[in-house]
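**Q** Sequence:
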Amino acid sequence: MPHARPRLIHRPLNTALALLLAGLSSGAGAQEILTIEEREALDLSDYRVTAPDAGYFDVAARMEELASTDNAILLQEIDDLAQGPSCQQMMAYEPITTHLRVPGYYPNPEAWELASEPLFQFEDNVSMLAGSFVASGDDYYAECLVRFLDHWAQQEALTDFYYDSLEPQAWFATESMIFAAAMAYANVRPFVEGMEEERERVEAWLNGLAHQHADIPGGEGNSCCNNHFYRRALYASMVGVLTEDDELFRFGVSAIHAALHDMTQEGAFPLEVSRGRRATHYQNYGLLYLITNMQVIARQGYDIFELEIDGHTIHDAIDFLFAILDDPAALGDYAPLEQYTGFLKDPQYFTWMEVYLERFDDPRVEDFIRRVRPLYNRSAGGYMTLYFMDPEAQQHVVLDEEKQETTAFKGLGQE
2 MPHARPRLIH RPLNTALALL LAGLSSGAGA QEILTIEERE ALDLSDYRVT APDAGYFDVA
62 ARMEELASTD NAILLQEIDD LAQGPSCQQM MAYEPITTHL RVPGYYPNPE AWELASEPLF
122 QFEDNVSMLA GSFVASGDDY YAECLVRFLD HWAQQEALTD FYYDSLEPQA WFATESMIFA
182 AAMAYANVRP FVEGMEEERE RVEAWLNGLA HQHADIPGGE GNSCCNNHFY RRALYASMVG
242 VLTEDDELFR FGVSAIHAAL HDMTQEGAFP LEVSRGRRAT HYQNYGLLYL ITNMQVIARQ
302 GYDIFELEID GHTIHDAIDF LFAILDDPAA LGDYAPLEQY TGFLKDPQYF TWMEVYLERF
362 DDPRVEDFIR RVRPLYNRSA GGYMTLYFMD PEAQQHVVLD EEKQETTAFK GLGQE
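Residue numbers for the sequence shown follow the numbering used here, beginning at 2 and rising by one.
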């Protein structure tokens, strides 16, 4: 059901800042970062919602495939999820209706983690209910998810969050909650019979949240245009599809155009590789949301994975990621060679690889992902190995802690 909303309004980057950011690009003909004003001027009118129930994968086909699989990894995932949570227990979680305020992560990780715990619980809850439905086919979990989200919708949860350019953490936190809810809901909605009033409230709530959240342009030179923009684009695409809101959907598409426009000659995302010792982490982090968003867009019938802008495609960004994983020296002057590599031990950051491998053969990606399956991300799609992995790709979990340690602390090129 379409929901009419006012036009999204953003503030453009100033010219001086745009020129400064252009210095992050390399090679002849250095490219400027696309400003918000330029982004809004993109003609994306050819993009429109064509299949509101398409979600981000073919749920019915996957459930049929899972019903006959003998793959040990998938069977374990099914076994873990098929006996899902109690709906009564899920409904006992109180919606977050108070003025949400979250401290910054890097200044105080402990305080951030404590404040974020109930937010993470929401994401785990919705992802688990959606996963339990896919694993079991039991309508109980699908209907429970609708009731759970409806309870939050009726309480107008998450609509009151603190935002300041110097303290954006509550804004950051709610963006992942929105796409966690939207992607989980996308998995179950086509299978829920009745519950029209509940579904209408949920969709109106998600649409309103998405517009309210995206109306904040973010800090100039960072959250306006970096991975947080890619995260906002993910919920914009998914909620746009669910609510047949072409404006939101095009906002989601604009992130792909911006990312490819901004990409350096080598395939780096400038605002991500400018993060010092975490440059490699953030190059991958950008891909996590861009690839997942591209999957949502592709399900609407667009060949977005082959989109080329100024000679760049998303495959160039993946090539650069593996280049700097193999040898940090490939970062050149972008960042220090002593890169933080602890993220390599955390599977949640690599769920995008399951999506990519469904569409493309890439031995580098397959070799890496084999070590970290099964993959789960509580917000960006949930149980992605369950949803996407080719049953012929891998039969058993790799338990090689020594190799994982080497990979994490020395880099792929020094194994």
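Hints are computed from structural coordinates only; laboratory data are not their basis.
Because the structure is a prediction, the values reported are computed rather than measured.
One should not assume that every hint holds.
What follows is a list of derived Cβ distance ranges for each label pair [to be verified]:
(1) Tyr163 to Glu111: 27 to 35 angstroms
(2) Gln349 to Pro86: 14 to 22 angstroms
(3) Arg63 to Met92: 22 to 30 angstroms
(4) Asn109 to Asp328: 31 to 39 angstroms
Positions of the beta carbon are idealized from the N, C-alpha and C atoms, including for glycine.
**Q** Hint by hint, say whether it matches the structure.
**A** Hints versus structure:
no.	hint	verdict
1	Tyr163 to Glu111: 27 to 35 angstroms	20 angstroms, violated
2	Gln349 to Pro86: 14 to 22 angstroms	20 angstroms, holds
3	Arg63 to Met92: 22 to 30 angstroms	27 angstroms, holds
4	Asn109 to Asp328: 31 to 39 angstroms	34 angstroms, holds
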